[in-house]
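Novice: Please put together the full structure from these sequences, using the hints given.
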Amino acid sequence: SIIWWECDAKDLLPEGFTHPGSPNGEFKKETDIMDVWFDSGSSWNGVVVNRPELTYPADLYLEGSDQYRGWFNSSLITSVANHGVAPY
Numbered sequence: 001s002i003i004w005w006e007c008d009a010k011d012l013l014p015e016g017f018t019h020p021g022s023p024n025g026e027f028k029k030e031t032d033i034m035d036v037w038f039d040s041g042s043s044w045n046g047v048v049v050n051r052p053e054l055t056y057p058a059d060l061y062l063e064g065s066d067q068y069r070g071w072f073n074s075s076l077i078t079s080v081a082n083h084g085v086a087p088y
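Numbering (the UniProt record's numbering), first residue to last: 1 to 88.
Among the hints, a few may not be true.
For each label pair, taking beta carbons as the anchor points, the in silico distance ranges come out as [what the hints assert, rightly or not]: (1) K10 x T55: 42 to 50 Å; (2) E15 x D59: 36 to 44 Å; (3) T31 x E63: 23 to 31 Å; (4) T31 x Y68: 27 to 35 Å; (5) E6 x L60: 33 to 41 Å; (6) A9 x L62: 21 to 29 Å; (7) F27 x L60: 40 to 48 Å; (8) D32 x I77: 19 to 27 Å.
Calculated pairs, SDA-like style, for lysine to any residue (alpha carbon to alpha carbon, straight line, at most 25 Å) [said to hold, decoys possible]: (9) K29 x H19; (10) K29 x R51; (11) K10 x K28; (12) K29 x S42; (13) K28 x P14; (14) K10 x S40; (15) K29 x D39; (16) K28 x E6; (17) K29 x P52; (18) K29 x W5; (19) K29 x D8; (20) K29 x E6; (21) K10 x E30; (22) K10 x D32; (23) K10 x M34; (24) K29 x P14; (25) K10 x K29; (26) K29 x L12; (27) K10 x G21; (28) K28 x V49; (29) K29 x S40; (30) K28 x T18; (31) K29 x V48; (32) K28 x I3; (33) K28 x A9; (34) K29 x T18.
Derived by calculation from the structure, the hints in this document are not laboratory data.
Think of the CB as a built atom: it goes at the ideal place given N, C-alpha and C, for glycine as much as any other residue.
Specialist: Structure below.
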């Protein structure tokens, strides 16, 4: 769905719903990231699943040692939830 991009924040909330921390009570939509680990962790779907010249699961999955708990795990969770197998 592209509703996030087509509607104002007020259109996505119940009528009269306000933000107590905002001077005018209005919400401002974030437009660049839903969740950093979810976004990066589901990148396998845009790469190996949608490109027939690549294999799924991937033969190689590179990451930095500092990414293990974030990107690596979110990749595993999103792939298993969607396809029943790890993406690597």
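Novice: Evaluate each hint against the coordinates.
Specialist: Hints and how they fare:
1. K10 x T55: 42 to 50 Å: Since K10 and T55 have Cβ atoms about 45 Å apart, the given range 42 to 50 Å holds.
2. E15 x D59: 36 to 44 Å: violated, 52 Å
3. T31 x E63: 23 to 31 Å: holds, 27 Å
4. T31 x Y68: 27 to 35 Å: Once the Cβ atoms are compared, 29 Å apart, the range 27 to 35 Å for Y68 and T31 holds.
5. E6 x L60: 33 to 41 Å: About 38 Å separates the Cβ atoms of E6 and L60, which means 33 to 41 Å holds.
6. A9 x L62: 21 to 29 Å: violated, 38 Å
7. F27 x L60: 40 to 48 Å: Roughly 42 Å apart at Cβ, these two residues keep to the hinted range, so it holds.
8. D32 x I77: 19 to 27 Å: Distance hint for D32, I77 holds at roughly 22 Å.
9. K29 x H19: holds, 12 Å
10. K29 x R51: violated, 32 Å
11. K10 x K28: holds, 9 Å
12. K29 x S42: holds, 22 Å
13. K28 x P14: holds, 15 Å
14. K10 x S40: Violated, because 28 Å separates the two Cα atoms, which is more than 25 Å.
15. K29 x D39: holds, 17 Å
16. K28 x E6: Holds, because 14 Å separates the two Cα atoms, which is no more than 25 Å.
17. K29 x P52: violated, 35 Å
18. K29 x W5: holds, 9 Å
19. K29 x D8: holds, 8 Å
20. K29 x E6: The given pair, whose Cα atoms are some 11 Å apart, holds under the 25 Å limit.
21. K10 x E30: holds, 13 Å
22. K10 x D32: holds, 18 Å
23. K10 x M34: Between K10 and M34 the Cα gap is close to 18 Å, so the pair holds against 25 Å.
24. K29 x P14: holds, 15 Å
25. K10 x K29: holds, 9 Å
26. K29 x L12: Given pair K29, L12 holds - Cα atoms ~10 Å apart, limit 25 Å.
27. K10 x G21: holds, 16 Å
28. K28 x V49: Cα-Cα ~34 Å, so violated.
29. K29 x S40: holds, 20 Å
30. K28 x T18: Judged against 25 Å, a Cα distance of about 11 Å means the pair holds.
31. K29 x V48: violated, 30 Å
32. K28 x I3: holds, 15 Å
33. K28 x A9: holds, 6 Å
34. K29 x T18: Holds - the C-alpha atoms of T18 and K29 are around 13 Å apart, at most 25 Å.
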